[in-house]
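Novice: Using the hints, position chain B against chain A.
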Amino acid sequence: MLDIVIRSGGVVALIGRLDAAEADRTLRTLGALPGPLVIDCTALEYLSSAGLGVIVQTYKRLNGAQSLAGVQPHIRNVFMYAGLLDLLNIT
Amino acid sequence: MLRSVARRMESIAPLVDLVREFLSHERLPETMEYDLQLVIEELFSNLVRHGTSGSDRVDVSLDHHGDDVVLELREFDADRFDPTTVPAPDTRRPLVEREPGGLGIHFVRIRSRAFHYDWRGRVGTTTVTLETRR
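For the protein sequence lines, the chains are A and B, in the order given.
First residue of the first sequence: 170, per the numbering used here; consecutive thereafter.
First residue of the second sequence: 16, per the numbering used here; consecutive thereafter.
Pulled out of the complex, with its shape left as it was, chain A reads as follows (with noise of 0.2 Å):
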């Protein structure tokens, strides 16, 4: 179960669980924001490799103009995992 919060700013919240049941209509949301995005991750509580994709895809589509904020220890690791801890902009 995910929760996708826009706010003001450019800044689109996710709370809960972005897993491969939410990566599709995520990243439907996401795709019709415009950037740059700051995705605010603080209440984010599980990412896997589905949802990784849709964090990939935005970038790509943004062109990069988009940072992660509040990312919780357990979805670092899985960022530095697939080797993309220094390349998404993550804060």
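Since the hints were made in silico from the structure, they are not lab data.
The C-beta atom is built at its ideal place from N, Cα and C for all residues, glycine as well.
Ranges of calculated distance between the beta carbons of each label pair, as one might list FRET restraints:
(1) B:D82 to A:L202: 42 to 48 Å
(2) B:E112 to A:G239: 24 to 30 Å
(3) B:D92 to A:G185: 32 to 38 Å
(4) B:E112 to A:G204: 19 to 25 Å
(5) A:S177 to B:V85: 44 to 50 Å
(6) B:T100 to A:G185: 31 to 37 Å
(7) B:D82 to A:S177: 48 to 54 Å
Straight-line distance between alpha carbons at most 25 Å, and here's what the computed SDA-like set of lysine to any residue pairs gives:
(8) A:K229 to A:G178
(9) A:K229 to A:R194
(10) A:K229 to A:L257
(11) A:K229 to B:E112
(12) A:K229 to B:G116
(13) A:K229 to B:L110
(14) A:K229 to A:L256
(15) A:K229 to B:V111
(16) A:K229 to B:R113
(17) A:K229 to B:R64
(18) A:K229 to B:P109
(19) A:K229 to B:R108
(20) A:K229 to B:P115
(21) A:K229 to A:R197
(22) A:K229 to A:R176
(23) A:K229 to A:T198
(24) A:K229 to B:P104
(25) A:K229 to B:D105
(26) A:K229 to A:P242
(27) A:K229 to B:T106
(28) A:K229 to B:A103
(29) A:K229 to B:R107
(30) A:K229 to A:Q241
(31) A:K229 to A:R245
(32) A:K229 to A:Y250
(33) A:K229 to A:L171
(34) A:K229 to A:N246
(35) A:K229 to B:E114
(36) A:K229 to A:V174
(37) A:K229 to A:G179
(38) A:K229 to B:H121
Specialist: Chain B in isolation, oriented as in the chain A frame:
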């Protein structure tokens, strides 16, 4: 602990519940939850996307033996589909050169102690062992 689920992405939710019930029942640390959920989802979603089975049912079981948790995913009336042979992605490549796919099994390999596949009588069984003290 066994859960039979339908082969579709919506079944990830009951598998999340399975992991939580199992950890609680076995009094295993909550620190295992993320790894178990990740490994189950990556294997299960792979079956949903790529598996070719005559049955809609997938059995997922978790067992605790000493310092190990053993996960099994079993599909029925299935063509052979061995996830252990999926090539490892090159995670050092620049982002623009990356192709989708392969990362999920890469995560399974990183987080597991053993990773096997068996196929006999058109039943495919993927077995993954994770350490409780990692």
